[in-house]
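2 protein chains.
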Amino acid sequence: MKNFILPIEKLVASFSKLPGVGRKTAVRYAYYIINSSNADVRAFAETMVNAKETVHYCSVCGNFTDREICEVCTRGDRGLVCVVAEPKDVLALERVSDYNGTYHVLHGLLNPLEGITPNDIHIKELLDRVGKDHVREVIMATSPTVEGEATAIYISNLLHPLGVKVTRLAQGVSLGTDIEYVDEVTLSRALEDRREI
Amino acid sequence: MKNFILPIEKLVASFSKLPGVGRKTAVRYAYYIINSSNADVRAFAETMVNAKETVHYCSVCGNFTDREICEVCTRGDRGLVCVVAEPKDVLALERVSDYNGTYHVLHGLLNPLEGITPNDIHIKELLDRVGKDHVREVIMATSPTVEGEATAIYISNLLHPLGVKVTRLAQGVSLGTDIEYVDEVTLSRALEDRREI
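Read top to bottom, the protein sequences are chains A and B.
Residue numbering for the first sequence follows the working numbering, starting at 1 and increasing by one per position.
Residue numbering for the second sequence follows the working numbering, starting at 1 and increasing by one per position.
Treat each hint with caution, since some may be false.
Which copy? The list can't say, so a pair holds if one copy fits it or any two copies do.
To be verified - Computed list of lysine to any residue pairs in SDA-like fashion (alpha-carbon distance at most 25 angstroms, straight line):
id, residue 1, residue 2
1, K165, T177
2, K165, D133
3, K24, V96
4, K165, G20
5, K10, Y32
6, K132, V166
7, K132, R23
8, K165, N35
9, K10, S59
10, K24, P144
11, K24, I34
12, K124, V173
13, K10, A26
14, K88, Y154
15, K165, A150
16, K165, H56
17, K17, N38
18, K88, S37
19, K17, R129
20, K132, Y181
21, K17, Y31
22, K10, I197
23, K10, N119
24, K88, R42
25, K24, D89
Hints were generated in silico from the structure; no laboratory data involved.
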């Protein structure tokens, strides 16, 4: 393409690197930036650099934090650990207000096909915590996918010999779901785990 | 939501301002930034500030440029002016390699319902150019929408008394379109403007 202004072209290239952003969307974002005020763009740029430079992994749970040990690990019950795949899962669970335990972020799930082995995710760190923090219960909150289930089973096999209670998030029909469209496996589990009302 | 790390929350708020970006997408972008290297994030931020601060409107055509007068206005035929609504339309037209005229960016289209009147878009600048640059022909390349058509007609009414030839982009079926699905108006215009082969 001839005559594309270089500073915009560079900005489009930067935006194109964001997940799920193609050239057209990147051009839209770039034009939005060009049309914003100088002060707004400077503030955006500073926010970005600031977030990157102050946020790192919590030394206990591996979630993102801007301190040495994150707020959840500081105030939460370290004897109760909920294991998740990614920091964004912590966000989702923190919306549930009555959980007062802590988390452990694996930063991935076992996936032999993609070469992700137990050494590539934070399993060792979890085992260390179990010994150090006298963990009573580990809740496996990985997604009910092939990788999530495999990871949950692998970790529970490591934890059982240590005398830790290992639980799994309940599976069943979601709020607002039409029974007609629920898959067989979920329906069978929901029946199995039925509760008296 | 409790316990959301402040620097990330700020970054999510910044990304949410981009056109078409909701909270979930903004969170995805923010995590991408946090997971990038310090150097990459700094480069992204600098690119953004740099693009904003060096890019402005060309004093002749109103397109974005990093010079006083843009490259197209410098090398192109100023007697032939293609009128478009937005800078991104120039990009699209510049992909057509055999146009050697210049452009005029209106920065909007007439839209009385949204309060956009002739004074809000760059029509006066176009009329100035017609006198100053001895413009022979003005090609109206606004989109074939209600606003685009209204703007084209309004401007052509202003230009006719000045003795300028005013043309409009041809309308017809697009390459690769299935005739079955072409709307009536387009089909009727395509029939009317049929060419001998």
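Comparing the hints with the structure gives:
no.	hint	result
1	K165 <-> T177	neither (31 angstroms within a copy, 63 angstroms between copies)
2	K165 <-> D133	within (14 angstroms within a copy, 83 angstroms between copies)
3	K24 <-> V96	between (37 angstroms within a copy, 18 angstroms between copies)
4	K165 <-> G20	neither (39 angstroms within a copy, 45 angstroms between copies)
5	K10 <-> Y32	both (14 angstroms within a copy, 18 angstroms between copies)
6	K132 <-> V166	within (17 angstroms within a copy, 81 angstroms between copies)
7	K132 <-> R23	neither (49 angstroms within a copy, 37 angstroms between copies)
8	K165 <-> N35	neither (56 angstroms within a copy, 33 angstroms between copies)
9	K10 <-> S59	between (36 angstroms within a copy, 23 angstroms between copies)
10	K24 <-> P144	between (34 angstroms within a copy, 21 angstroms between copies)
11	K24 <-> I34	both (15 angstroms within a copy, 24 angstroms between copies)
12	K124 <-> V173	neither (33 angstroms within a copy, 63 angstroms between copies)
13	K10 <-> A26	both (10 angstroms within a copy, 21 angstroms between copies)
14	K88 <-> Y154	within (22 angstroms within a copy, 52 angstroms between copies)
15	K165 <-> A150	within (18 angstroms within a copy, 72 angstroms between copies)
16	K165 <-> H56	neither (30 angstroms within a copy, 63 angstroms between copies)
17	K17 <-> N38	both (23 angstroms within a copy, 15 angstroms between copies)
18	K88 <-> S37	between (31 angstroms within a copy, 19 angstroms between copies)
19	K17 <-> R129	neither (36 angstroms within a copy, 40 angstroms between copies)
20	K132 <-> Y181	neither (45 angstroms within a copy, 68 angstroms between copies)
21	K17 <-> Y31	both (16 angstroms within a copy, 13 angstroms between copies)
22	K10 <-> I197	neither (61 angstroms within a copy, 44 angstroms between copies)
23	K10 <-> N119	neither (37 angstroms within a copy, 33 angstroms between copies)
24	K88 <-> R42	between (27 angstroms within a copy, 23 angstroms between copies)
25	K24 <-> D89	between (30 angstroms within a copy, 12 angstroms between copies)
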